[in-house]
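Single-letter residue listing:
2 protein chains.
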Amino acid sequence: MKIALAQLNYHIGNFEQNTQKIIAAIESAQKAGAELVVFAELAICGYPPRDFLEFEDFIRLCEESLQEVAQSCRGIAAIVGGPSRNAKPEGKNLFNSAWFLADGQVKQVVNKSLLPNYDVFDEYRYFEPAFENRIVEYKGLKIALTICEDLWDLKDDPMYTRNPMDPLVEQGADLMINIAASPFDYDHAQARNQVLHRNMEHYQLPLIYINHIGAQTELIFDGGSVALDVAGKVVAQCPYFEEDLQLVETADLLTTTPERPDFVVPEKLSVIRQALVCGIRDYFKKLGFEKAILGLSGGIDSALTLALAVEALGKDNVRAVMLPSQFSSDHSVSDSEALVRNLGCPADLLPIQNVYEAFEATLAAPFKDTQFGLAEENIQARARGVLLMALSNKFGYILLNTSNKSEAAVGYGTLYGDMCGGLSVLGDVYKTEVFALCREINKDGEIIPENIITKPPSAELRPDQKDSDSLPEYEELDPILKLYIEHRKGPREIIALGHDAALVKRILRLVNLNEYKRFQTPPILRVSPKAFGMGRRMPIVGKYLS
Amino acid sequence: MKIALAQLNYHIGNFEQNTQKIIAAIESAQKAGAELVVFAELAICGYPPRDFLEFEDFIRLCEESLQEVAQSCRGIAAIVGGPSRNAKPEGKNLFNSAWFLADGQVKQVVNKSLLPNYDVFDEYRYFEPAFENRIVEYKGLKIALTICEDLWDLKDDPMYTRNPMDPLVEQGADLMINIAASPFDYDHAQARNQVLHRNMEHYQLPLIYINHIGAQTELIFDGGSVALDVAGKVVAQCPYFEEDLQLVETADLLTTTPERPDFVVPEKLSVIRQALVCGIRDYFKKLGFEKAILGLSGGIDSALTLALAVEALGKDNVRAVMLPSQFSSDHSVSDSEALVRNLGCPADLLPIQNVYEAFEATLAAPFKDTQFGLAEENIQARARGVLLMALSNKFGYILLNTSNKSEAAVGYGTLYGDMCGGLSVLGDVYKTEVFALCREINKDGEIIPENIITKPPSAELRPDQKDSDSLPEYEELDPILKLYIEHRKGPREIIALGHDAALVKRILRLVNLNEYKRFQTPPILRVSPKAFGMGRRMPIVGKYLS
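Line by line, the protein sequences give chains A and B.
For the first sequence, position 240 (counting from the first letter as 1) is numbered 232 according to my numbering, and the numbering increases by one without interruption.
For the second sequence, position 118 (counting from the first letter as 1) is numbered 110 according to my numbering, and the numbering increases by one without interruption.
Be aware that a few hints might be false.
Claimed, not checked - Chain A is faced by these chain B residues, among others (derived, beta-carbon under 10 Å): (1) Asp114; (2) Val257; (3) Gly482.
Honestly, the hints are just simulated from the structure, not real lab data.
Beta carbons: idealized from backbone N, C-alpha and C, even for Gly.
The whole structure should be built from the sequences, with the hints applied where relevant.
Spelled out as structure tokens, the structure:
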């Protein structure tokens, strides 16, 4: 039997488009001779639908769309992810399900057993775990059909108290099919590879795995859909970040040959770049926007953001604005101009000195007898924010935020100033990684001028300011941040690893004190296993390490 | 036996202060002759600790603090909420527990069975449900000790698949004790009253219920701690929003007398006012701030916010700033001045015209040949934001946001302009409720000038602008918003209730399109059963009703 792997880019709540895409893929698969086509988890509504799932109206639209898809399954079957209702009074009212559609009908609904409820996942907010696990039989093939997390608990310290694969294997499964909505991070392909292979070794069954591609605000999906034979070798693998339809023969899955390749795990920097470009592109496309604007400071963060935005949206769709003040160095404009020339995008020069002086004059009475300080520095950053937002409002741009993760972590940024924007491109990329990504962008020729990469980072909000005046060097800062944020190590553990005790305490205190700023940050494209945003939920009024 | 009810205001992660408060209450209770004192859910660390629970270091501090509390339990026992570890490999690594402390030791740890994971609750993110339920025996008293949600599932459509009270009653319980962290909303006291009485009727047992008071950013806790006799009559009730220690005799709980009162459910407007004042006060106190600043527009939202802030922080600690533009009516300043006189707080007048003109001049080239519109309106709101933030940064104020829930819902506000602030006071109060609260504030004499209440609402960002130019009247808007937001009704259901179909679709579309703005809103004091913020999680790139 030929089975098709359908790796698609869905749009949350866009039932018309999702349904059309699914039906078109069923038709293509059928033309190619497939008897079964497999789509991703919650494909019908897009992932994550979040609290839309609490609306009866939204569930009705899911069901109607699934019925429409079922109508198109004649002579071919489809597995499509969507919510289903819990008919029993006890437990939550929905399941996260795989709908098995054939003969123009819903033939079977398989429910997810393990509901991830950590990091960016909130599935137990909406769904009841499956009450039972039964295999799907189709044309003599016994399918152990599971949903994403159902395969992820084979470990020494399991998060769940039961494993749905055990009863499915007892029922004599021939093949595992797992439909997923598993978001990208730079470690994810490796982790997924391990999880899939651990299941295959444990259960001695071939596996078809289908994931989403595309971005939904913060969450980026890389795909990685794959069919692995009984020895764990690749029979078919969809390309990362692209829609694709691949066909496999079940006979090929049940055997193996030595020449089949292993799973391809992509290179870290190149895949982060691809993910960020995908994240920008889909944010604009799915919101119905085409054009971005951003402020170019002459620094490395805004330079990298611009390069990625041009890659995502095209050079004519990204407008760069230089907003120098009296404290800006000459190279802040000349370096930006060189970058803009390299990229070929439209650019403006709007000096902020007049606006700054008007603020100073307006505040003369209340600021009388005070010294130039943080308030005056922030006025500059905020004046820039107002100008960029004015252009955004006037011409329908989305403003791109250019803050990096190191700054966001320690609060080195101005709320309503450089922290403005509809989307944060680099908010999950540490400063040291920003440098590495610039090198990646430049690997085939200079796009980001060398001087932007090599000059000492500065906010240029007062004379001769440098980031290193108030922060440790990024090479020292970032590893401590990573231990605290990604690895959730406390101060004792980080100090025990050899970091300076006073510095560790100071940095952790800064991170926690600045929770109030991050609360108002734009959505951040998630590329690490622990990004600021929906996956990291911290109290503001807390008094822990702060 | 005398049992003490300890209703306290904890601070998340402030172990030193929480531990001292708990030990001081144990000492007071012991002096008053109590043999058992009961504290709230997760009292040791404050509620909600959120992702602090993912730090081994944080759990260690919880355990050390509980050991310290145990040391003070000699001749008296205490029930204290805190996390505990799951010793089994399977399941999540923590429980949400009630620690039973006596004889200087931990005697028993009782784990929560039902983990709320809806609205503002994320407990299944951190905790494993109890594997078993066992009563606590102490001096011959058999206690059915449960934790908050454990009592909330007695209904026709239960959210959970088992009820922990059933096995506890089978073990011969004499008394229910429920320790809670149950946040306030204007319906909550009524709902809690019903839940407690339903349990008492079902299990025929007296009940002691202990809750938190005080605010933790968005979440406000009203207390409502109570001891109810076997007939559901009140033996002792702690006052709302106040720390308190009450003593009851178990003999009094096991009997009833006709003269005992019923549970007191407070009046809606007065309790919303108390909650908002508590929310402001605790946000400042727990962050270590004393002084607030806000912009006074002459409108009703900023007037009410100022009155509440003065009530919370004292008149000398709230600075009001009037920021008129060329479009401001004369009464915008004169009404604000009258309000400031009534309240006696410091005030400034900072006209924004010069700043606005500087922006206009700076944007002259890119804005050439365009019409005055939204961009220019927003510049005014943002200029005000910059001035308020400058004063905030210079003098250490927290800026209070004055947006109401109706505006926040439909996106009638300027991001980085009037949407600035450290805390949104009225973001969960619809405009029609804002009017009612002003009447409440004025009930013993005019504080908010009558003209502020009666004039037509206007943003005053262009000549003769009124809210009703672009929005329906609030009397028409708010009920539709409430059906959609609080009651999660879809368009069909709302239209079926008699609302105009085109209007409903327009409003729901506005709500969903403006998710991107609310993403960057300050934290909102939650007073309704469904507030914007942590309890309402919506996609930004979604295409549902939008």
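Practice task
Could you tell me which of the numbered hints above are not met by this structure, giving the numbers in increasing order?
Solution key: 2
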